[in-house]
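> Start from chain W and add chains Z, L and V according to the hints.
Here are the chains, one letter per residue:
Protein chains: 4
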Amino acid sequence: MTRPLPAPADIEAALAAAWKVGKARCADGKVAAYIPELARVDPSLFGLAIHTVDGQSYSHGDAQHPFTLQSASKVFSLSAVVAASGEKVFDHMSVEPSGDAFFSIVKLEEEKGQPRNPYINAGAILTSSHLQGATADAKIDRFRTFLGQSSGLGAGAFPVNEDVFRSEADTGHRNRALAEIMRHHGTIPDVEVAVETYFRQCATSCTAESLARLSLYLVNNGRDPLTGKRVLAPASNHGIVALMATSGMYDEVGSHAIEVGLPSKSSVSGAVLAIAPGRMAIAGFGPALGQKGNSIGAMKALGVLAARLELSVYR
Amino acid sequence: MTRPLPAPADIEAALAAAWKVGKARCADGKVAAYIPELARVDPSLFGLAIHTVDGQSYSHGDAQHPFTLQSASKVFSLSAVVAASGEKVFDHMSVEPSGDAFFSIVKLEEEKGQPRNPYINAGAILTSSHLQGATADAKIDRFRTFLGQSSGLGAGAFPVNEDVFRSEADTGHRNRALAEIMRHHGTIPDVEVAVETYFRQCATSCTAESLARLSLYLVNNGRDPLTGKRVLAPASNHGIVALMATSGMYDEVGSHAIEVGLPSKSSVSGAVLAIAPGRMAIAGFGPALGQKGNSIGAMKALGVLAARLELSVYR
Amino acid sequence: MTRPLPAPADIEAALAAAWKVGKARCADGKVAAYIPELARVDPSLFGLAIHTVDGQSYSHGDAQHPFTLQSASKVFSLSAVVAASGEKVFDHMSVEPSGDAFFSIVKLEEEKGQPRNPYINAGAILTSSHLQGATADAKIDRFRTFLGQSSGLGAGAFPVNEDVFRSEADTGHRNRALAEIMRHHGTIPDVEVAVETYFRQCATSCTAESLARLSLYLVNNGRDPLTGKRVLAPASNHGIVALMATSGMYDEVGSHAIEVGLPSKSSVSGAVLAIAPGRMAIAGFGPALGQKGNSIGAMKALGVLAARLELSVYR
Amino acid sequence: MTRPLPAPADIEAALAAAWKVGKARCADGKVAAYIPELARVDPSLFGLAIHTVDGQSYSHGDAQHPFTLQSASKVFSLSAVVAASGEKVFDHMSVEPSGDAFFSIVKLEEEKGQPRNPYINAGAILTSSHLQGATADAKIDRFRTFLGQSSGLGAGAFPVNEDVFRSEADTGHRNRALAEIMRHHGTIPDVEVAVETYFRQCATSCTAESLARLSLYLVNNGRDPLTGKRVLAPASNHGIVALMATSGMYDEVGSHAIEVGLPSKSSVSGAVLAIAPGRMAIAGFGPALGQKGNSIGAMKALGVLAARLELSVYR
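Chains as they are written, first to last, in the numbering used here: chain W, 1 to 315; chain Z, 1 to 315; chain L, 1 to 315; chain V, 1 to 315.
Simulated from the structure, these hints should not be mistaken for laboratory data.
Where chains are identical, the list cannot tell them apart; a pair therefore holds if satisfied intra-copy or between any two copies.
List of simulated lysine-lysine pairs, DSSO-like, C-alpha gap at most 27 Å:
| # | residue 1 | residue 2 |
| --- | --- | --- |
| 1 | K292 | K88 |
| 2 | K30 | K112 |
| 3 | K107 | K292 |
| 4 | K88 | K107 |
The following block holds chain W by itself, in its conformation from the complex (with noise of 0.2 Å):
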């Protein structure tokens, strides 16, 4: 359903005053230390972007600057892999809260290599074996074509960082220590085509520009309101925005639904994508991260857009 949007002006208003508040948090928060690359990120970086349905786009600040998907990458990669192969990735995996860290394996082990969601890294690890292709290379290819024909910007928006997949494949231990759990137990085929498709998928680049560009289709039933583009049947497209609300935040999906309201996807990196249906994505990016390693800026500029243009789903 296309909702009502706001006048353009109290957009830009909000989006100003959002940043605003979103800016002076930041130096509350630290920029993600265990990955080499991450820690050499300037922490007061602050960026804001807004897509809406109607074609309309704002930003503010820093949202030209480019950052790693990192975790923001699952969304996308479970959005490729339901569209190529439909829900076949669901048969290993659930679709529940985990209630843990997000690089849990506690339950892991405890539900025989089956992981509780597609956001958590386990179930984000068997979403990426499930790409189309048989190497990690094949894979990638296929996974930012999909970026790329998604948000109409080509896949040349969204190219690997090389220093930083290195960082990551270089310190991913508890990543593989995942991986190799599911390879157990069957539930994927390949550690080390998993993990180096993992690896590379998280640290494909992107701007907030960028990322709310592409998100567009999730806020549409699974179309792109712009190019026209099915990406995803609605069905799957309410799934995996469903997702987002129920399991997108690590250990703060509760408190991000009281305090925004809105689906939304975080990274390490310092992004987070929120979701209004039918009316814009927006992403924001601020590498400083607070306590649960969600951005303490992101989260609470979203807060305030949420509240001044009446944007949650939940009132």
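Just chains Z, L and V, lined up with the frame of chain W:
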């Protein structure tokens, strides 16, 4: 935001279709066995009721059959506590999904007696102990007064079923264990008062009809659209509804979000209450439960209703 | 098998040396704070007592100072129950180390109310509920009669400290939670009887002297070597001592085996009882506890004694 | 302490009786299925071997049949590491029972990559990575040289079974996961070196005969009583044997202590090695395993031997 309502004839037709589909599923479920009084209920009972923000009401099947609120009461005890005392109840309670079974004591111990959220049993017992009044009787009076006033139906519409209460009190050892753990950590002051209040609150009766009516304030930003009475501040109401979306359906919150897409709260007595913000409250009642303890018919019927009337908040 | 005993002068010298080393360590520990009555004990108290199978006794320091048995009682309630009813108590209890803290409720829930072993709290509460008698009073009479007869000292040597009992009963919420979980799963019949018995049993007083004397049957295949009274069948006695070796020292059972090498049982009141099969029972008492909740002085002193007298069963 | 040995005729008779009882139990067990190479072993094989500190040896049944050490290797890799480098291996490893399955990753994650003890898989992999040498080949040479020298049989008596090694390397995903978790936390430096060493060490062959002979230093305070060679300092030997008593039999360490009463180490290939300090080493071999993964025949036979020869350390 008040959203456009479907035409009455469309609601009637969708309700009839949903009832038929849900009723057919009841044969696949089982009534709750762990409380003797509940085990005697007829598993083929099935009713649906809708109340809209503009004052229309619809029902089908056993919508006037009395049942006990059980876990659906958690939404209203939380409302009553927040209405009276604000967010203080969250000083020792988180708002995140638990990822575990509703009765789980594991995270409660790990997290020093702080329940994960108000819709798991531990959180609801903590909430009950915050109801105004020094004794369980006083607290339950307060709770039932809240139900009566918020619904405009009077407290008499929500009597305590004493047989169910005694059955729960006699068998509620796991809930007592949760209360003892919280007492140990000082998050509740008195085990007996807390669990007696909780058992009586769970044993409070309603019908699908009265439950949907009672829930209109949740649909309407905290104000009853029919009486005009403000029950909760808008921000508090938003939080209580958002928590239904992330923690209202036990270990099926993710699949319910995918299949239905409405903030909901289920109960072991077979109720599922769903909130379509700005539009309507829907109450399903079917005591035949699926494997995860939620009404198998009510969940299915809500899926049909949400699809036909385009109610999902995620599309 | 009766094994050769060290010469009395060697025992005296080793005991004096061990006492000196242990006493010096007491300054590094802290008395238990979680039971108010225990928190008042003087942390510099330190005593050691030895009783040998040939009837000699030795002591040093505060060996006549009264303290409550606390968890050391678990060995004797288990002995009393097995003496009266055989191995039936193990129908709903395992015999394996838990790997968790002594109060842990996690495994108890996972394992359907079956305690991991009789020396964690849950297992001891289950054991207490198997003591003969319909009421807590009757069960405690039975327990104290067992202590009096097995030690040859009479039940009067083991009075219940009513202040400690009330202190434990008032604060024992975690133990009540364990009992409620077991009641839920049907492994104990009555929560109140079980926990009152358990709290009274824990609050039963002894001294290092009387505890070592009481334990001689454990040293001697179940028969008191001084009175000739058979307390337990040899196989039952073997099991009770073996369980001390694998589960008697909470989360220090491994390091205690390495440092001392004697089946032992510790208590939060500062006792460590050690069994040198065929030779002697040793009781240390020092209420200053280390980080894992075991008497820091008594563990150290036992290490010195075991080394000097070559008592370890693993060498 | 050298303890009096039973008469040779008594040992012979007890061994024959124990073999008969154990052999009869083999029909109730199953060979390990998770490593393909092990699944092919004849489940009716059953052998027992004894070596005494005074140089006698006894055997019955399939005591010369080769099998791979598997988890029995953990005792000897730990011995080799401690002999070469002292207790440094315990800088990042505890010595307590885990209370979980041998392959469990849960506590390893909770405890920041520090294994609970050297006899669960994680601890053994950590230990393997401490074997001297930069490569897996060098480390395994060191390990086999240790076996050869400590037993007086030469490294040739302990060849690596390459088929079993490859089978383990191909299927050892759970062990790789453990190693990745430890690598993440920095407790091992290299996953591939650690797991290849571990898999080769597990695939090292012996017989019940050679295993009992090899273990004589454990019986004799760290010095081989036949060659006179000191393998370990007495205190180190004591710790390694004590850990067998508290953590050597997976999730049957308690029941094995009760039924047998000897520090023991089992393996999935069907070995159970038992140490009677000061007297004898006993090796049972029967690949038919019980539900907890220990040789059902060997455990039973050890119970008979311990009872008849009064070997238990707890009596």
